[in-house]
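Undergrad: Position one of the sequence shown corresponds to residue 1 (UniProt numbering), numbered consecutively onward.
Don't take each hint at face value.
Said to hold, decoys possible - Pairwise CB distance ranges (calculated):
1) S124 - S62: 29 to 35 Å
2) D113 - E68: 25 to 31 Å
3) D89 - T43: 34 to 40 Å
4) G125 - S73: 24 to 30 Å
As the list claims (entries may be wrong) - Once the Cα atoms are required to be at most 27 Å apart in a straight line, the calculated DSSO-like pairs of lysine-lysine come out as:
5) K32 - K94
6) K32 - K76
7) K100 - K32
8) K83 - K32
9) K102 - K32
Simulated from the structure, these hints should not be mistaken for lab results.
We put the CB at the ideal spot given by N, CA and C, even for glycine.
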Amino acid sequence: MQTWEEVKISDFGLSRLGTTYAMKTAKKMPIKWMAPESMSSFTFSQKSDVYSYGVLIYEIFSCTEPYEGVSNSQTKRMIIEGKVNQFPDGTPAKLVEFVKEKLWDQNPDSRPDMNGVRLRILLSGFLPL
């Protein structure tokens with residue numbers, strides 16, 4: 001954050017236009033932020049972005065990198081097996097439940113789209129406005 005209520009987002013190196021993207025050749029990837037289906041198929045979609053957004057929420061509340069101290073190969077195995085990061089005490093319980101049950105759902109078709117995420121966060125009172 002630069003100043004109060006001003007967030008700067010950078011590094012769009014992996015971003016693509018469109019609803020899905022299938023990577024043709026393997027590249028170095030940010031494993032700790034990837035959805036399980038992207039690890040096996042190297043296909044990225046709006047639903048895999050929702051999973052990654054859940055990881056970002058974890059980072060904000062834990063003040064740590066996801067799977068801190070865990071190798072990429074172990075992290076990949078954990079994500080594919082559905083073993084997710086544990087939120088710290090003090091994280092709003094409804095938000096933790098939403099992230100774990102909806103954003104980190106192993107089935108991408110069961111995840112909400114980003115508009116659904118936005119509405120749920122705004123209307124559910126997870127965070128003070």
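Undergrad: Next step is simple, just say for each hint if it's right about the structure.
TA: Tested hints:
no.	hint	in the structure
1	S124 - S62: 29 to 35 Å	violated (20 Å)
2	D113 - E68: 25 to 31 Å	holds (29 Å)
3	D89 - T43: 34 to 40 Å	holds (36 Å)
4	G125 - S73: 24 to 30 Å	violated (39 Å)
5	K32 - K94	holds (23 Å)
6	K32 - K76	holds (7 Å)
7	K100 - K32	holds (15 Å)
8	K83 - K32	holds (12 Å)
9	K102 - K32	holds (18 Å)
Violated hints, listed in ascending order, are 1 and 4; each of the other numbered hints is respected by the structure.
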